[in-house]
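S.K.: Residues per chain are reported as follows:
Protein chains: 6
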Amino acid sequence: MEEVAEKARVLIEALPYIRMFYGKTVVIKYGGSAMIDPGLKEAVTKDIVLLKYIGINTVVVHGGGPEVSHMMDRLGKKPRFINGLRVTDQETMEIVEMVLAGRINKEIVALINKSGGKGVGLSGRDGNLIVARQRNSELGFVGDIKAVNPDILHVLSREGFIPIIAPIASDEEGRPYNINADHVAGHIAAALKADKLILLTDVEGVFADPDDKTTLLSLISAEDIRDIIHDGSVSGGMIPKLEACVSALEGGVSRAHIIDGRVVHSLLLEIFTNEGIGTMVVKGQL
Amino acid sequence: MEEVAEKARVLIEALPYIRMFYGKTVVIKYGGSAMIDPGLKEAVTKDIVLLKYIGINTVVVHGGGPEVSHMMDRLGKKPRFINGLRVTDQETMEIVEMVLAGRINKEIVALINKSGGKGVGLSGRDGNLIVARQRNSELGFVGDIKAVNPDILHVLSREGFIPIIAPIASDEEGRPYNINADHVAGHIAAALKADKLILLTDVEGVFADPDDKTTLLSLISAEDIRDIIHDGSVSGGMIPKLEACVSALEGGVSRAHIIDGRVVHSLLLEIFTNEGIGTMVVKGQL
Amino acid sequence: MEEVAEKARVLIEALPYIRMFYGKTVVIKYGGSAMIDPGLKEAVTKDIVLLKYIGINTVVVHGGGPEVSHMMDRLGKKPRFINGLRVTDQETMEIVEMVLAGRINKEIVALINKSGGKGVGLSGRDGNLIVARQRNSELGFVGDIKAVNPDILHVLSREGFIPIIAPIASDEEGRPYNINADHVAGHIAAALKADKLILLTDVEGVFADPDDKTTLLSLISAEDIRDIIHDGSVSGGMIPKLEACVSALEGGVSRAHIIDGRVVHSLLLEIFTNEGIGTMVVKGQL
Amino acid sequence: MEEVAEKARVLIEALPYIRMFYGKTVVIKYGGSAMIDPGLKEAVTKDIVLLKYIGINTVVVHGGGPEVSHMMDRLGKKPRFINGLRVTDQETMEIVEMVLAGRINKEIVALINKSGGKGVGLSGRDGNLIVARQRNSELGFVGDIKAVNPDILHVLSREGFIPIIAPIASDEEGRPYNINADHVAGHIAAALKADKLILLTDVEGVFADPDDKTTLLSLISAEDIRDIIHDGSVSGGMIPKLEACVSALEGGVSRAHIIDGRVVHSLLLEIFTNEGIGTMVVKGQL
Amino acid sequence: MEEVAEKARVLIEALPYIRMFYGKTVVIKYGGSAMIDPGLKEAVTKDIVLLKYIGINTVVVHGGGPEVSHMMDRLGKKPRFINGLRVTDQETMEIVEMVLAGRINKEIVALINKSGGKGVGLSGRDGNLIVARQRNSELGFVGDIKAVNPDILHVLSREGFIPIIAPIASDEEGRPYNINADHVAGHIAAALKADKLILLTDVEGVFADPDDKTTLLSLISAEDIRDIIHDGSVSGGMIPKLEACVSALEGGVSRAHIIDGRVVHSLLLEIFTNEGIGTMVVKGQL
Amino acid sequence: MEEVAEKARVLIEALPYIRMFYGKTVVIKYGGSAMIDPGLKEAVTKDIVLLKYIGINTVVVHGGGPEVSHMMDRLGKKPRFINGLRVTDQETMEIVEMVLAGRINKEIVALINKSGGKGVGLSGRDGNLIVARQRNSELGFVGDIKAVNPDILHVLSREGFIPIIAPIASDEEGRPYNINADHVAGHIAAALKADKLILLTDVEGVFADPDDKTTLLSLISAEDIRDIIHDGSVSGGMIPKLEACVSALEGGVSRAHIIDGRVVHSLLLEIFTNEGIGTMVVKGQL
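Residue numbers (this note's numbering), protein chains in the order written: chain A, 226 to 511; chain B, 226 to 511; chain C, 226 to 511; chain D, 226 to 511; chain E, 226 to 511; chain F, 226 to 511.
These are computed hints drawn from the structure, not numbers from a lab.
As the structure is a prediction and not an experimental result, all values here were calculated from the model.
A few of these clues could be false.
Note: identical chains are not told apart, hence a pair may lie in one copy or across any two.
Unchecked claim - Below, a list of computed lysine-lysine pairs in the DSSO-like style, where the Cα atoms sit at most 27 Å apart:
no. : residue 1 : residue 2
1   : K438      : K232
2   : K232      : K418
3   : K249      : K232
4   : K266      : K343
Extracted from the complex, chain A is given alone in its bound form (with noise of 0.2 Å):
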């Protein structure tokens, strides 16, 4: 009895974040171990259909790059690489979008209704989406971000279901683009004039110094991150991230937020706790 008395202690503590976030849209970037490990997978789609059942109108950008190499492998197909980027050759780029667009979006489509969500998967070719432009021709079938289309969105959001999108774009002739899904979810969010991205990492959130681990900063603004990008301070994975948070807030999103995807709930202990978690990406200067 104790137990669920606490249980209901902890439904009223949530209300105050229920009313601030009733209405308002969420854009999720999904991955990196959450996306791996079984047991956060279950709690990541969990959390996701819990914020739609309690008004929030959540929209989910997943990656999946391991699965890419892996199955590459398995074709015998050898990666290559120019300046960190993938050359994405037709091949690829077909092998590319069976792994994002057919077996991990799938599956997290799956896992979001077994939870008693309505997840309805899409690709940014579905509805006109995401249209892609070519980045250069050395690297063939990976692209950027040329426009964003953003009314399947809203009506599946509006008809109660959860938009699932894997980062695959088509180009004006209607070929296939590989796009940074941490591209896709900054430029999603804007689109949508969402009230919060929240990008999934395997890392606590951003540090002033990547080597001190007491040196995380809860508070960056934009302006900081173009020095930080600038002067080394953050180097691989996180740029995109960053770029991401840099790109919605100019789109008129309020806050973006690099949480720790490792942590069981990180999603809901960033939405229900008035401190947050990681690392929270303000527009202007601090």
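Starting from the known structure of chain A, fit chains B, C, D, E and F onto it as the hints suggest.
M.R.: Quick look at chains B, C, D, E and F alone, frame taken from chain A:
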């Protein structure tokens, strides 16, 4: 950190219940200690707001007998009773209406709104919600329910408001009547084809033997209720509550519950646990 | 037969006025003798129902000062005044709310409904309609209007209901405040961008010289109102009425009228005659 | 002042009738002297506009026989009749359509609009409102009603327009037919499930003995109508009117009225008095 | 088989044009030979129905001058002209309205409906669509357009109907006026912010030199139109057509076209071919 | 010029068919050569877009067997069959989903969108569209259809999107299953109460004697289908197609068609010609 993780776990455990009641209608009879103790008052109104935010169409009916007697006392009126029913002359009726529709109703509205809900106080006279007829001339302005016009409740619920109803009604000439609040809750639940009617009381539930606290009935059928009223196993204030359950179930409500309003967050405990609390009344025979 | 023909003629003469106000919003401050004399009460409520049926969005704000004093008297409370304003301690506030939101409000609703309207009684606390702030601590629960949220009025009007509003409001902590009913009417009219505000009073209108009944002003500008308040040509109960007119006009209302509620069907006379009755207040200078 | 008070009293006396017909549908057959006398014309169109403003869905069907004959005369065409029905060759049909759908229809529209209504003139050919079939080849373009598609009427009524219908229809090949206007009114009323059908005529109503003006029947049943047609107590122009009443009642219309259009504001008198005027036809047997 | 394959190919070639005009508004001035020759009449009405079915909001304005003269002749009226404009006395005006709004309008409606459309015939008097003012007293009932209220057109288009408009209008007193049909089409197109105005004429288009059939202008600017009217290169019936194009373009219409209605299916040819036919008028200077 | 006139003529000939199918629902099973040959692919997707633009709610279900086998081959998996059904272990299921829901589905979407449609790719897992159950444990992830929830299809169709469905479904635990695409098309058509189901195949239709190409059946009843399956006159891939027709017709679909997808624009030929092509299946007995 551990604590917040625990918090997330509780929210997720609530998910199946949230799904189960999403879009459903619950009518709550609010009365007894839960209307007097300040801590309970705050807890109940927060529960009600939470239920609304997670997608339940919540409708509240309240009583207020003790406060009526108190005000009569202050005004030097002596209560008179016939077979346990208060003789209600015109002056008494005015006091009843002032206390119930004026003071108590608006106080509940204010508590609901302070917790972030959008409460709207009504009596059965507003929007012709309840049409009454006089029970008998000896009792004066004591009424029975002749008809319920739930239009105003549908309009308010659909637009995100929480209707809070005082148990007063007009007859067809516009004269006010005092109606038993349990009966009002039962008839409103029936008119709304609610999924649940919950009556907050000052006992743990219905007992097979009222003198033996180990005989709490967790489940009882509408059929059995007739028997226990007839053989005198229940008495006093429990009778209109049981009658309310029966009329709700006969009107198409799925489940009716008599629960202990003295338990903090008893509403949430009823809804968010498998076993529920108190006594559940179901249709037909067990 | 001749009589019924005369009747038809009158209806047809009303047509241009019906056209003029079709779909418009009129806020009526209901007070004074029109709330006490039974014949006037019935006439006013019939007028209100008629206006609703011919396509006017009618919203009613009522007062009730004399009945509050009467009830205080019965409860042995002595009114205390500072600069003509009633000192309102908590007990007085409870009485005010009981009398206004409980008894008077619901009696008007019942009269409206008996005439075939669908009245819904509200106080400023319902649906957070009016947010108050304390005027000063000495006066206790006497409030000024901080904000008006007219959502609940739009919802009710659109669905065919007539909102009847008691002049009570909550502050942000949910505490009740007594608000001047004329001020409530003025602010509600402004929040609704009403086409007309009509205040029913116990005088023929505004007089250039209050002691000379031949100096009734049929038209006055908001500018002039400041002067006559300042130079003392008006006083007492007329001041808040004039203030209500000014705040309505400043909020975008087209016309405000101070009319004699002691005249039977004065509302209809104001609306259905070219010259109107009483004093009309318009924006700017004459 | 007394006069305006009298005016208010009349408006209030109209209230119960306004309530009774609010949201209802009334089909009016407009013909006879009321279409010729300028004063009556203006009165009828004002009545129609008033009915629309007070919430009645008003639909008008008009005739125009005398003007057709007049135009034929001017064009040197000799009318020919078989059993009292005009033989309608193609040239005659063109004249009928020009006069009814061109001149008369648009004149009524203009009068309606001048009184503040929003009239829209239609013939049965517009929006496939009425599908006709030839009565017999000898009579030429004289048609019977095969089907009514009231979609266009619902659309116009809902949007605040008053449909004004000329009694012309197309057969399935698109050929025009002249249809009896009373029959059109009866069938339109049935298709709309109207609450009332009112036929304006040049007599006081139906008489038990046409030669004895003291035998006006204020009430008659559809059953009885068959008898009086059969036994010859009525004849000439009254027969199609009675047939229209019968087909309206059989189609679900509640009441049909044959009234004297020579009386100024006869429409209002019918609707706004308890006893009504003329003859009321009801279903079944008396 | 080959033939049906060819048919499929043609439909597919139409696809880009269907996409381009989907949901757009096209106003068609229907006049000249296309209103007289039975084959052309049937072709034009089928074109109009097809355009509606493929998603174009189609609105038709028709003329009818020759038939008016013919009817005047039959009635023994002698046309009188001042500067080429018909002096329109009241009797002439009646004939104009009968012929245009009665006969021709309804005949077009019937043809549209026979082809499966849902035509609704209107004049500018219906729903107050066009408000006219007298041009000068000498010409009598010849009007200019003072205002256009396109509400009725929006309602009908949205509900799937095709409005067919006769060029008659009322002034504010309800008096009828004869309006130039080209002008009506231009103003209606402007009021609807149409995407295209198409005028069907009896010439191939506008010629640089009217006497030299090799000088057809496929494109002309609104600026140039003023010059060619001024220097007399165009004259007669072409002038109001050019004026209609200019007023449409000034009102926000994208393109105006003067095409040869003598060519079968000229409407489809204009819309479904890249080069179009006739003369296209665009805004500004070339 | 003659050519464009011919074009107009063809469009007009299509009009009766456009009218007939306006607002109707057509489910298309897309498979066979029409999915492989680039010219046919482009033709089919253009047909689909055209059908949508002319007002048909078009829903597409696709297969993709050959590409699955090809990918299995590349991954070194040997197909194993029991009674002609592919044994589908988990790894095979992953490949099926990647190829069907990832590569093929999105390629069709891109082709649709390139032709101006708004395709949205789904699998039966999205929005819980199709609920599967395992056929038997030996076959592994081969499923039968347990239920269809067409909500997501209604939402997308109403908003102008074309749903493109890959034949994969989840069971109630969220596990993926491979479903026969013909069966999916049949059940979707039944759930939508479609007006037509069209299956594109690589044969001319159903033959009375499969070895005699002169015995093509243009019409067959659902009754007869049972006989020809039973007596072995049809076999192999034709059986599920015939079963799909039967389950569609039993579910309320009006007509089912088995047509030759190798014919360019076969969809348009079926819909836009009186005789249609291939074999039409109707309910009941011939």
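S.K.: Decide, hint by hint, whether the structure agrees.
M.R.: Here's how the hints hold up against the structure:
| no. | hint | result |
| --- | --- | --- |
| 1 | K438 - K232 | between (34 Å within a copy, 26 Å between copies) |
| 2 | K232 - K418 | neither (34 Å within a copy, 29 Å between copies) |
| 3 | K249 - K232 | both (25 Å within a copy, 22 Å between copies) |
| 4 | K266 - K343 | within (17 Å within a copy, 32 Å between copies) |
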